[in-house]
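Student: Listed below, chain by chain, are the residues.
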Amino acid sequence: MKLGYYPGCSLLGSSREYGESFCAIAPRLGLELQEVPDWNCCGASAAHNLNRELSLALPARVLGLAERAGFAEVVAPCSACYSRLAVANHELQDETLRRRISEIAEVEYRGTVRIVNVLEVLARFASDSLARKVVEPFKHRVACYYGCYLVRPPKITKFDRPEDPQSMDELMKVIGAEPIDWAFKTECCGAGFSVSRTDLVAKLSGKILNDAVRRGAEAIIVACPMCQVNLDLRRDAITGYLGREHTIPVLYISQAIGLALGVDEQSLGLHRHIVPVALSQNTTAEPVPVEPVSSGREDA
Amino acid sequence: MHGNAHEVVDDIRLGAAVKEVTGESVADCYQCGKCSAGCPLAAEMDYPPSQILRLLQLGMPEYDEQALRSHSIWLCLTCEMCVCRCPKEVDLPKVMEFLREESFRRGMVNPKARDILAFHKAFLDAIRHTGRLYEVGLIGSYKMRSFHMLQDMLAAPKLLLRGKLKLLPHRIEGRDAVSRIFRRTIGKKDDSE
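Which chain is which? The protein sequence lines are G and B, in order. When the first sequence is numbered by our numbering, its final residue is 300 and no position is left out of the sequence of numbers. When the second sequence is numbered by our numbering, its final residue is 193 and no position is left out of the sequence of numbers.
Excised from the complex, chain G in its bound form (with noise of 0.2 Å):
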């Protein structure tokens, strides 16, 4: 199955990891990806922050990009990229603004495209080639953090459940780990603050950090580079905020898959975490008893 790819930028720099892992396990699922050519930045969270033509044209390029390529469909396994391009294009449904918008972007675009994203994609393969191939089951207690992209707006994203999806957790499940229930699936991490505003970030992500640790999770698993820098990258500055140092570590769902698929650790970045991966070896941890502790949002 060929599928366009937008990496995006984080994918080649600060989480190249997320990249590595998501390009080590897609020919061994039968995807087979193909960049959309010339592809450039979505604007991210500075261009629809400062003005609302340039956040669409920006992915209006992208778009007319992969559309004269020949796409039907494109993955952006970053879930930031993924809702940037998913918000233009389905702004760029209005005909008058598609017009003008792909005049500024000198790239005529149609509106053909679909973008989709990392567990769409992956979903259509679990209940068949993934569970063929799981070679090491991925014992572990993981609490599944969808952050806000992936499923909100729901009217734009048409994904999941916008408050408690499940798609993660089924995945999960299929490469052996056990999902927990928790609070903070879809809280936001901070996301774009993680610079200009890092003590926020430390007191959103510490409190995702402290739920999912607190209900027994031995790792976060994430689908957005936002999420898994502002938890992982960011841990001082949580560890600051909290008083407490949590020692989880934060995997890219590709990284998870990758390890049940039998990859190699190097192969999926594992050691580009500055949290260190250190997973006990395939022992479901035993349940730990929930502490009472009041709900993370007492500060709030």
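These are calculated hints, taken from the structure and not from any lab test. Where is the CB? At the ideal position from N, CA and C, for every residue including glycine. Fair warning: there could be bad hints in the mix.
[To be verified] Listing some non-contacts, in silico: residues in chain B with all C-beta distances to chain G over 12 Å:
id: 1; residue: 12
id: 2; residue: 47
id: 3; residue: 59
id: 4; residue: 63
id: 5; residue: 65
id: 6; residue: 83
id: 7; residue: 87
id: 8; residue: 94
id: 9; residue: 111
id: 10; residue: 121
id: 11; residue: 125
id: 12; residue: 148
id: 13; residue: 151
id: 14; residue: 170
[Said to hold, decoys possible] With a straight-line Cα cutoff of 30 Å, these simulated DSSO-like cross-link-like pairs (lysine-lysine) come out:
id: 15; chain 1: B; residue 1: 19; chain 2: B; residue 2: 34
id: 16; chain 1: G; residue 1: 158; chain 2: B; residue 2: 166
id: 17; chain 1: G; residue 1: 155; chain 2: B; residue 2: 34
id: 18; chain 1: B; residue 1: 88; chain 2: G; residue 2: 158
Start from chain G and add chain B according to the hints.
Tutor: Just chain B, lined up with the frame of chain G:
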């Protein structure tokens, strides 16, 4: 609907401009407060999200200005929780987006939002001439714009050691086209501060 913001909004009340540009009606909101309850940063805001809408509903110049000068509009993370839970499906993130653009355009950005704005501008600096994000450039530009020269001094070596910082930018073929997209949209405004 979907008009060009800059041509239509100077002479009308902000709520009407929101309707004109985004298609969202601030009058739809009946102030249930669900957006403020679900907002991860409501506690940090000077006006929680529902009150921003209330300011616009009142349709008075001084309240319009309070909204544009608020810290709240810059703290909005576009996490989309509010619109997801709104019983009237008011697209508040879209309204916030419009208010930020107007606040920026009119030079009314709240001083507390300085670092957030500096980061957005630095991010755009780091893509406009190459087409893709140049992370080393982003950090450099942010330091210059925010004057936080020492910030992340400890994070950078960690990233470098793990092969996560590329020292040279990726330059795409269409980088000139990307620069022209910038000129046609945000223009030179982002260099104004």
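Student: Now look at each hint and say whether the structure bears it out.
Tutor: Evaluated hints:
1. 12: Answer for residue 12 of chain B: holds, closest chain G Cβ roughly 18 Å.
2. 47: Answer for residue 47 of chain B: holds, closest chain G Cβ roughly 16 Å.
3. 59: Since the minimum Cβ distance to chain G is about 23 Å, residue 59 of chain B lies beyond 12 Å and the statement holds.
4. 63: holds, 23 Å
5. 65: holds, 20 Å
6. 83: violated, 5 Å
7. 87: holds, 14 Å
8. 94: violated, 9 Å
9. 111: holds, 14 Å
10. 121: violated, 7 Å
11. 125: violated, 9 Å
12. 148: violated, 9 Å
13. 151: Non-interface label on residue 151 of chain B violated, nearest chain G Cβ at 8 Å vs cutoff 12 Å.
14. 170: violated, 7 Å
15. B:19 with B:34: holds, 21 Å
16. G:158 with B:166: violated, 35 Å
17. G:155 with B:34: Roughly 18 Å between the alpha carbons, so the hint for residue 155 of chain G and residue 34 of chain B holds.
18. B:88 with G:158: Roughly 18 Å separates the two Cα atoms, so the pair holds.
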